[in-house]
Amino acid sequence: GQSLEQPSEVTAVEGAIVQINCTYQTSGFYGLSWYQQHDGGAPTFLSYNGLDGLEETGRFSSFLSRSDSYGYLLLQELQMKDSASYFCAVRDKSNYQLIWGAGTKLIIKP
Amino acid sequence: GAVVSQHPSRVICKSGTSVKIECRSLDFQATTMFWYRQFPKQSLMLMATSNEGSKATYEQGVEKDKFLINHASLTLSTLTVTSAHPEDSSFYICSARDRGENEQFFGPGTRLTVL
Chain A
594 GQSLEQPSEV
604 TAVEGAIVQI
614 NCTYQTSGFY
624 GLSWYQQHDG
634 GAPTFLSYNG
644 LDGLEETGRF
654 SSFLSRSDSY
664 GYLLLQELQM
674 KDSASYFCAV
684 RDKSNYQLIW
694 GAGTKLIIKP
Chain B
554 GAVVSQHPSR
564 VICKSGTSVK
574 IECRSLDFQA
584 TTMFWYRQFP
594 KQSLMLMATS
604 NEGSKATYEQ
614 GVEKDKFLIN
624 HASLTLSTLT
634 VTSAHPEDSS
644 FYICSARDRG
654 ENEQFFGPGT
664 RLTVL
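Just so you know, the protein sequences line up as chains A and B, in that order. Residue numbering for the first sequence follows our numbering, starting at 594 and increasing by one per position. Residue numbering for the second sequence follows our numbering, starting at 554 and increasing by one per position.
Among these hints, one or two may not hold up.
Claimed, not checked - In silico SDA-like links for lysine to any residue, alpha-carbon gap of 25 Å or less:
(1) A/702 <-> B/596
(2) A/702 <-> A/667
(3) B/608 <-> B/619
(4) B/594 <-> A/611
(5) A/686 <-> B/599
(6) A/674 <-> B/664
(7) B/594 <-> B/568
(8) B/617 <-> B/563
(9) B/594 <-> A/685
(10) A/698 <-> A/605
(11) A/686 <-> B/581
(12) B/567 <-> B/591
(13) A/674 <-> B/617
(14) A/674 <-> B/563
(15) A/698 <-> B/592
(16) B/619 <-> B/591
(17) A/686 <-> B/664
(18) B/617 <-> A/685
As the list claims (entries may be wrong) - Just a few of them, taken from the derived set where beta-carbon distance is under 10 Å, the chain B residues facing chain A:
(19) 610
(20) 646
(21) 650
What the hints assert, rightly or not - Ranges between beta-carbon positions, derived for each pair:
(22) A/667 <-> B/612: 26 to 34 Å
(23) B/633 <-> A/610: 42 to 50 Å
(24) A/612 <-> B/668: 40 to 48 Å
(25) B/558 <-> A/620: 29 to 37 Å
Calculated from the structure, these hints are not laboratory results. These numbers were taken from a predicted model, which means no experiment stands behind them. All residues carry an ideal CB built from backbone N, CA and C; glycine is no exception.
Using the sequences and the hints, build the whole thing.
Right under this line is the structure:
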C-alpha cells in the first residue's frame, strides 16, 4: 500500500526559512505534490516534482529523491499569511488517485 | 489556473433530510472528479472517483447508497448526502482533473452541519 509521513506541526519565525519533510512508502507513483490549506478553505496546489531534484516557484521550493523515498517543501522569507496546513501527496500509478499525507500545520510567530 | 466552483459553501440541515452539493469546472473539461471529506484537523479522505458518463467508484467504507454521485457532464458533478445524520457533518471538497493532466483543481468546499 501507499503511505506518507510528515510532521504534524512545525513552528517558525516570520522572515525565516522552514522545511517540511515528507517520507513515503509506495509501490509506484507518478510524482510528489504539495498543497496548502488554510483553515476553513480547500487545498490549493503549490508544486509538483515528477523527477528527482529541486523545483522552485518564488518563495517556495520542493525537492524529491526517489532513491531515498523522501521529499520536502521549503518555504523562504516566511510571512504570517503562510500559516496553514501543508500536505504532501503522491499520485498512485495504478489508479491515478492522490494519496495524501496527514498534513503539517505550520505556525508562524512574529 | 483552472477554476472549480462548489455550491453551496455552507449548509445546515435537519437529521433525516437529503442535501445536494454541486461541483462545476468553469473553464476546463473535468473528465474525472473526486469527492473528498475532511474532518477537523485531519487530512482529506477520498470518498469516490467519478469519470464523466460512468458510475462512481467508491472507496472502501463509503456507502454508495448514502452518498449518491452523479457526473453526467464534463463540467458538473453532484454529491447527494441522503438521510443525513449528525455524524455526516464534515467539510466536503470536490476536485477535478482533465484527461492527461497531473494537476487536480479543488473546489472551495462545502461545510455541512447536520442538526
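Consistency of the hints with the structure:
1. A/702 <-> B/596: 24 Å, holds
2. A/702 <-> A/667: 17 Å, holds
3. B/608 <-> B/619: Given pair residue 608 of chain B, residue 619 of chain B holds - Cα atoms ~15 Å apart, limit 25 Å.
4. B/594 <-> A/611: 21 Å, holds
5. A/686 <-> B/599: Within the cut-off at roughly 16 Å; holds.
6. A/674 <-> B/664: 23 Å, holds
7. B/594 <-> B/568: 24 Å, holds
8. B/617 <-> B/563: Holds, because 23 Å separates the two Cα atoms, which is no more than 25 Å.
9. B/594 <-> A/685: Within the cut-off at roughly 24 Å; holds.
10. A/698 <-> A/605: Judged against 25 Å, a Cα distance of about 11 Å means the pair holds.
11. A/686 <-> B/581: Holds. Residue 686 of chain A to residue 581 of chain B sits at ~23 Å (cutoff 25 Å).
12. B/567 <-> B/591: Status holds; Cα separation ~20 Å.
13. A/674 <-> B/617: 39 Å, violated
14. A/674 <-> B/563: 24 Å, holds
15. A/698 <-> B/592: Satisfied, since the Cα-Cα distance of roughly 15 Å is no more than 25 Å.
16. B/619 <-> B/591: 17 Å, holds
17. A/686 <-> B/664: Violated, because 31 Å separates the two Cα atoms, which is more than 25 Å.
18. B/617 <-> A/685: 23 Å, holds
19. 610: Result: holds, 8 Å to nearest chain A Cβ.
20. 646: Hint on residue 646 of chain B: holds, closest Cβ of chain A at ~5 Å, below 10 Å.
21. 650: With a minimum Cβ separation of about 8 Å from chain A (threshold 10 Å), the hint on residue 650 of chain B holds.
22. A/667 <-> B/612: 26 to 34 Å: Once the Cβ atoms are compared, 32 Å apart, the range 26 to 34 Å for residue 612 of chain B and residue 667 of chain A holds.
23. B/633 <-> A/610: 42 to 50 Å: 46 Å Cβ-Cβ, so the 42 to 50 Å window holds.
24. A/612 <-> B/668: 40 to 48 Å: 43 Å, holds
25. B/558 <-> A/620: 29 to 37 Å: Distance hint for residue 558 of chain B, residue 620 of chain A holds at roughly 35 Å.
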